[in-house]
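Chain B: place on chain R using the hints.
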Amino acid sequence: MLPEDLIGVSVQGLKRNISRSLLTTLGIIIGVGSVVLMVSIGASFQQYILDQVSQFGQNTFEIQAKGLEQQGQPTQAITFGDVEAVRKLSTVQSVAPVIFVTERVAYGEEELTPFVFATTKELFDNWGFQPQLGRLFTDADIQSASNVAVLGGLAVDELFPNEDPIGKRITIGARKFTVVGVLEELGSPLAQTLDSSVYMPLSVGKSMMGSSLYVDYISLKSRGSNDLTKADLESLFRQRHSIVNPENDPEKDDVVVRSMEQAVSVISSVTLGMTIFLGLIAGISLLVGGIGIMNIMLVSVSERTKEIGLRKAVGAKKQDILLQFLLEAITLTVIGGLIGVLCGAGLAYLLYLIARQFLQDLPFALSMSAILLSVSMAAGTGLAFGIYPARKAANLSPMEALRWE
Amino acid sequence: MSSKGSSLIEAKKLCKSYFNEGLETPVLFDIDLTINSGEFVAIMGPSGSGKSTLMHILGFLDHFTSGSYLFHDEPVLRMNDDDLAKIRATRVSFVFQAFNLLPRTSVLENVLLPLLYHPTIAASERMDRAMKAIATVGLTDRAKYLSNQLSGGQKQRVAIARALVTEPEVIFADEPTGNLDSVSGRQVMEAVQQLHEHGHTIILVTHERTTAEHAERIIHIRDGRIQEDTKSFKRRLAKEASTLAK
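Same order as they appear, the protein sequences are chains R and B.
Each residue of the first sequence is one higher than the one before, counting from 33 in our numbering.
Each residue of the second sequence is one higher than the one before, counting from 9 in our numbering.
So here's chain R without its partners, still in its complex pose (with noise of 0.2 Å):
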């Protein structure tokens, strides 16, 4: 028998039974759907933090003392001594010391707790930030330990909802500051803690935390590679706190050393492996599709019995019976697949609408391999479930068939 007309004969079988091949298809369709959708979720949540994350750059490193990391507790790991060693080092680019000031911010009525970074101007560098009104602290603002504050674009809005914030005082525990910036949101959810923080400059800050000699965290951007940087970074802090770790065991450290990169790869296969998940549980559906497709071939088998016995007898082999079930089950199966991918990418699209009402940068992710895999998937079952309706029919005999009633 030819190919084309292999074909035609099935398509031809499925075409006599339309709404049953429609309704066979429907767990198909549901399965692939669901596959498409979830993966379509995943896979647009995982672009949307990885957006997030990269947005501060992906040479970012941040440098914490363990107490910091495992307590919420700063501690006197990092001192200005490694800060300077740290902006040494070759493979670094900036630096941005931090002193968290733990102190209430205040104007008039208004009142906040929020993070205030004492720092050094280039971490707005390192993190992108651009002032949205007023200037950022310059250099000559810390040596001379200026009272200046910058605010960000969340702050800005808790302490000055009505007012234009520039020149205006606001208080930091007991001291007066004037505010002569603010700094563009961010605006991801990831980096809201940032948006609500007051910036001042680490001078002062230093000065109000009793003229520490520690800092909680570094910020700073490599030059070149970031495994050479990590490495260096590393290797500094172990010598200069008399650390012997040759094993490399980040349990013997007492800092952390972090990459932006490092963080986007532990963020991505977070997400890889929720997607994977969502996937794993909706492609269960698909087989249950499949199941559903193997049921209906058996009742079109039995129903077939004579057409296939009257096949037999004007000259069909059993490969061509066998054949003409198996293609009409994987053509079920496509067909179901392909309008699974249609209505999963197209309720994608209606979520990922709803939900840029509420995340705005959020991107429509459509994972190509997801769609090829799950349509092949769909064959597979077709295949699959198809051989053995397929098998029985083939090896019916003509007369046995032609008999059946």
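Rather than coming from a laboratory, the hints here were simulated on the basis of the structure.
Watch out, some of these pointers could steer you wrong.
To be verified - Cut-off 16 Å, straight-line C-alpha distance, at most; resulting in silico cross-link-like pairs (EDC-like, lysine to aspartate or glutamate):
no.	chain 1	residue 1	chain 2	residue 2
1	B	Lys-21	B	Asp-40
2	R	Lys-350	B	Asp-91
3	R	Lys-350	B	Asp-89
4	R	Lys-208	R	Glu-135
5	R	Lys-47	B	Asp-90
6	B	Lys-20	B	Asp-38
7	R	Lys-350	B	Asp-70
8	R	Lys-253	R	Glu-135
9	R	Lys-350	B	Asp-90
10	B	Lys-239	B	Glu-47
11	R	Lys-338	B	Asp-70
To be verified - Incomplete in silico selection of chain B near chain R, CB under 10 Å:
no.	residue
12	Gly-75
13	Ala-97
14	Thr-98
15	Phe-102
16	Pro-111
17	Pro-122
18	Ile-234
19	Glu-236
Quantities reported herein were computed from a predicted structural model and do not represent experimental measurements.
Note that CB positions come from ideal geometry on N, CA and C, so glycine has one too.
Showing chain B alone in chain R's frame:
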């Protein structure tokens, strides 16, 4: 088609039993039978006599239990499933009592069906052959009708068109008039007669004397055994009349 008069079917000591849960039900016993190319043979017998089973075995639709069956001097026992399918596709065809047309399918598509499985007829020839076969049974104007829109007689004529579309050597007809009224039955038998006149070997199974009389030879079968193998009365009369006229 092979030359008229040469041996087409040769069965010796052919037996057939059905087995159900270890229980043997014998249906045919020691059938010895030779049918030559171009013959018109009727196999007659009462219901349950084994005539249809014999036809199905001779037509490669069913297997025999013992004995031998030569088709064109080739032992059928040595043929595998694909060989048998090839013979069904190219050298034999069937007309069934219950028509066995594909439901919700047009007359043309039903007649085209055997051509899909024919190994040598080109796809480009199919339509011409099918339309020619439909014209032979006088149903050209019904070619696009669905099979369920036809009368019983028309359905059987479609089945005949389907049987002759591959131009087989042998046409097996199993009670072709069994489900038809007398007028339709007569038309169908005229069509079968014409096939024979065009050189096809016809093997007809029937329990009706009048239908069997269309054949040249009538094989009577009862309780799974051949009882009588005679020339048809009508044919004998016709032959004698023609001899007298000469």
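Hints and how they fare:
1. Lys-21(B) to Asp-40(B): 6 Å, holds
2. Lys-350(R) to Asp-91(B): 11 Å, holds
3. Lys-350(R) to Asp-89(B): Holds. Lys-350(R) to Asp-89(B) sits at ~8 Å (cutoff 16 Å).
4. Lys-208(R) to Glu-135(R): 12 Å, holds
5. Lys-47(R) to Asp-90(B): Measuring from Cα to Cα gives roughly 29 Å; hence the hint is violated.
6. Lys-20(B) to Asp-38(B): Roughly 7 Å separates the two Cα atoms, so the pair holds.
7. Lys-350(R) to Asp-70(B): 15 Å, holds
8. Lys-253(R) to Glu-135(R): Given pair Lys-253(R), Glu-135(R) is violated - Cα atoms ~28 Å apart, limit 16 Å.
9. Lys-350(R) to Asp-90(B): Status holds; Cα separation ~8 Å.
10. Lys-239(B) to Glu-47(B): Distance ~11 Å between Lys-239(B) and Glu-47(B) Cα, so the pair holds.
11. Lys-338(R) to Asp-70(B): 15 Å, holds
12. Gly-75: 18 Å, violated
13. Ala-97: 2 Å, holds
14. Thr-98: This hint holds: Thr-98(B) lies near chain R, its Cβ roughly 7 Å from the closest one there, short of 10 Å.
15. Phe-102: 5 Å, holds
16. Pro-111: This interface hint holds because 7 Å falls under the 10 Å limit.
17. Pro-122: 4 Å, holds
18. Ile-234: Since the shortest Cβ distance to chain R is 21 Å, the answer is violated.
19. Glu-236: It is violated, given that the least Cβ distance between Glu-236(B) and chain R is near 26 Å, above 10 Å.
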